[in-house]
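Chains as they are written, first to last, in the working numbering: chain A, 1 to 260; chain B, 1 to 432.
To be clear, the hints were calculated from the coordinates, so they are not data collected in a lab. Even for Gly, the Cβ is constructed at its ideal location relative to N, Cα and C. Take the hints with a grain of salt, since some may be wrong.
Stated by the list, open to error - Calculated Cβ distances over 10 Å to all of chain A for the following chain B residues: (1) THR43; (2) ASP183; (3) TYR253.
Unchecked claim - Below, in silico cross-link-like pairs of lysine-lysine (DSBU-like), each with a Cα-Cα straight-line distance of 30 Å or less: (4) B:LYS83 - B:LYS115; (5) B:LYS252 - A:LYS199; (6) B:LYS66 - B:LYS87; (7) A:LYS24 - B:LYS160; (8) B:LYS270 - A:LYS199.
To be verified - Derived contacts from chain B toward chain A, CB cut-off under 10 Å, selection only: (9) ILE136; (10) ASP142; (11) GLN145; (12) LEU147; (13) ARG149.
If you want the building blocks of each chain, they are given just below.
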Amino acid sequence: MELVVLLKQVPDLAEELEIDASGKELARDWLSYVTSEWDEYALEEALQLRELAGGTVTCLALDTGSVDELLATCLARGADRVIKVGSYERAPDSHASASAFAAVLRTVGHDLVLVGVQAIDDLDGQLGPLLAAELGLPHVSVVTHIAVGSDGKTVTANQEYAGGLVAEFEVDLPAVLGVQTSREAPRYAPVSRVRQLMKTATIEALDAPAAPDGGLIVESMSLPTASGHAEMIGGDAATVADRIVAILAERGLTRTGAAS
Amino acid sequence: MRDLPVVKVDGVLELEHAVVDGIDVSGSWNRMFTQRSITDYPTEAMDWVTGLDGGESMRDCYQCGKCVPVCPVDHVGDYGPRKLNVKVLRGSDLLDDPDLWLCTTCGNCYRVCPKEVNPLRIMPAIREQAVLQGKIPDELADTFQKLQRTGNPLGESARKRADWATEAGVPVPLISELGRPVDVLWYVSDYTSYHPRGKDAARAMARVLTALGVDFAILGAEERSDGDSARLAGESGLFEMLAEQNIRTLSKYEFSRLVVMDPHAYNAFKNHYPRLGWEGEVLHYTQFLAPLVDRMVWQSRVELDVTYHDPCYLGRNNGEYDAPRTLLEAIPGIRLVEMPHTRANGYCCGGGGGGMWLDGFVADHVSERLSERRVREAVATVGTDGTGVLSVACPYEPSRFEDAVKSTGNDGRLVVRDIIELIEQAMQPSSS
Numbered sequence: 001m002e003l004v005v006l007l008k009q010v011p012d013l014a015e016e017l018e019i020d021a022s023g024k025e026l027a028r029d030w031l032s033y034v035t036s037e038w039d040e041y042a043l044e045e046a047l048q049l050r051e052l053a054g055g056t057v058t059c060l061a062l063d064t065g066s067v068d069e070l071l072a073t074c075l076a077r078g079a080d081r082v083i084k085v086g087s088y089e090r091a092p093d094s095h096a097s098a099s100a101f102a103a104v105l106r107t108v109g110h111d112l113v114l115v116g117v118q119a120i121d122d123l124d125g126q127l128g129p130l131l132a133a134e135l136g137l138p139h140v141s142v143v144t145h146i147a148v149g150s151d152g153k154t155v156t157a158n159q160e161y162a163g164g165l166v167a168e169f170e171v172d173l174p175a176v177l178g179v180q181t182s183r184e185a186p187r188y189a190p191v192s193r194v195r196q197l198m199k200t201a202t203i204e205a206l207d208a209p210a211a212p213d214g215g216l217i218v219e220s221m222s223l224p225t226a227s228g229h230a231e232m233i234g235g236d237a238a239t240v241a242d243r244i245v246a247i248l249a250e251r252g253l254t255r256t257g258a259a260s
Numbered sequence: 001m002r003d004l005p006v007v008k009v010d011g012v013l014e015l016e017h018a019v020v021d022g023i024d025v026s027g028s029w030n031r032m033f034t035q036r037s038i039t040d041y042p043t044e045a046m047d048w049v050t051g052l053d054g055g056e057s058m059r060d061c062y063q064c065g066k067c068v069p070v071c072p073v074d075h076v077g078d079y080g081p082r083k084l085n086v087k088v089l090r091g092s093d094l095l096d097d098p099d100l101w102l103c104t105t106c107g108n109c110y111r112v113c114p115k116e117v118n119p120l121r122i123m124p125a126i127r128e129q130a131v132l133q134g135k136i137p138d139e140l141a142d143t144f145q146k147l148q149r150t151g152n153p154l155g156e157s158a159r160k161r162a163d164w165a166t167e168a169g170v171p172v173p174l175i176s177e178l179g180r181p182v183d184v185l186w187y188v189s190d191y192t193s194y195h196p197r198g199k200d201a202a203r204a205m206a207r208v209l210t211a212l213g214v215d216f217a218i219l220g221a222e223e224r225s226d227g228d229s230a231r232l233a234g235e236s237g238l239f240e241m242l243a244e245q246n247i248r249t250l251s252k253y254e255f256s257r258l259v260v261m262d263p264h265a266y267n268a269f270k271n272h273y274p275r276l277g278w279e280g281e282v283l284h285y286t287q288f289l290a291p292l293v294d295r296m297v298w299q300s301r302v303e304l305d306v307t308y309h310d311p312c313y314l315g316r317n318n319g320e321y322d323a324p325r326t327l328l329e330a331i332p333g334i335r336l337v338e339m340p341h342t343r344a345n346g347y348c349c350g351g352g353g354g355g356m357w358l359d360g361f362v363a364d365h366v367s368e369r370l371s372e373r374r375v376r377e378a379v380a381t382v383g384t385d386g387t388g389v390l391s392v393a394c395p396y397e398p399s400r401f402e403d404a405v406k407s408t409g410n411d412g413r414l415v416v417r418d419i420i421e422l423i424e425q426a427m428q429p430s431s432s
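Next up, chain A with everything else stripped away, as it sits in the complex (with noise of 0.2 Å):
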């Protein structure tokens, strides 16, 4: 069976965000970046599906510039080959993001394609549903669980609903699936392997044509407002008590009405 994950990084939230002078953008001068928290989930389950399955896992990024590494720790982690696709100054939106992983699955091998099912920097979680539009595939969102079929052929997928209802779906390969979460916490990917795989390891480059952005324009951007706050209640008991009841009346939440 042959896996494909795409991946991305992230702004790292180690780091308190900061927006830039234009106010349409992160200030990017203190910014980290880390590989999105759902692609690894992804990956994990791909490279699971295969200890299971059996066959390759692919993984492919968009050429941001700093992309390297992320190939090479997705090699260290157990994958078998890594592209970076296009070449680009900042990552494109899922729009151009889906045409241009869809221009090179034409020529890369895919039975089964798996995508974070979203992520931090836009929370759109577009980029499966248009892959798989522009690839005439199926597709399922928020999978929480992968397993492939005795014939190979087809793969059934579970999907979570509010109240602990999970639809399972019966898929026919190829397809794209949004994970979720991963059935193990994704495995650590030693430092010592990935700086020696930055070294020797074969990262392969493929082109893909320049798609417009086609999603969202970013107008402005501004922190959070915070609206209200808690109010600590202190000292003793029949104090705290006395507050929290003067609170509730004052609210109308006491059957006698306001406290007189």
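Assemble chain B onto chain A, guided by the hints.
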């Protein structure tokens, strides 16, 4: 050569009856003609361990067992260095054995070993193989990732590494902004920069350096973890990555000497950075300050019974026992009392060799934390009336020992202080 009688064997005779000096020593033939059964054990595991760079001395163990009673982990569990050798002899490569992660690389076994079997080299070598195979406790992997991403084991923002300085009460210059050479480049270290109790020590150090008129500066946000504990926990690649970042930074600036707060950093800069291309004078802060005690102006007395915990990577593994004691003895009022386990036989706090980041894992294999055992010893030495102090000189320890003071029910009965905090206290006017 000593003058010993020489016994010359000319040949071996086989006799039905033998009489030597009038005594009949006849008996059944009992010479061993075949190899002892010990070599029936598979040798692959031992060959594999001793084939690793650093694992060579494992084979030299002759099972005398001197290492076991001095091992701090043995005191609280079943672990012992000799037992590792037996496991390997019997075919285990230790990769799936919890014992692999219990050693704190404190070095006390190596101190007494007649064969110089050295876990400070063996453990990192085997652990590295475990890390490469993904056999690594989750909490340790989590810390490795934080070190990788942020350059400190707490996962805090690299940018905020010098935020403690705003409350130091004295200017703490950044060497990048100074634009000139300094006498002392002060490497603040991880826990001193980020942990609330570590920051107390950092601020005290800044005030003491200022009071002494030392020409100093720090690296600030450019500083990264020294990486030594990651190295000892088996992530040599992570160590090298951090060391290369620090060396690139250090090479940008001119300074006479590097003064560090953390004995693990001291060990790294002194013993391991040279092979990666940085060489220079490095001093633990106690070594830097000890010759300056005559210049310290004491303004108050610190009437306390103080005992001192030797950090493994300042004391036993780097031979510095006197500088911290010189400082403590210079502080007016302090009565220094030694614990039974002291100096070269100091008891480990449990934080070294990655232990700092394995507390949860280790807890499943020991009866109590090493830090708890050590706190009990301190309490027995300096009493419980609230005037007893456990003094330390390693930023791993305030948090470890203060947690242990609480968990052993000694809250309010024993105080933990970095030596620099005690110095600074005595250099301030008495608050009472």
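Hints versus structure:
no. : hint                : verdict
1   : THR43               : 27 Å, holds
2   : ASP183              : 30 Å, holds
3   : TYR253              : 21 Å, holds
4   : B:LYS83 - B:LYS115  : 15 Å, holds
5   : B:LYS252 - A:LYS199 : 26 Å, holds
6   : B:LYS66 - B:LYS87   : 17 Å, holds
7   : A:LYS24 - B:LYS160  : 25 Å, holds
8   : B:LYS270 - A:LYS199 : 28 Å, holds
9   : ILE136              : 6 Å, holds
10  : ASP142              : 9 Å, holds
11  : GLN145              : 7 Å, holds
12  : LEU147              : 9 Å, holds
13  : ARG149              : 6 Å, holds
Of the hints listed earlier, there is not a single one the structure fails to meet.
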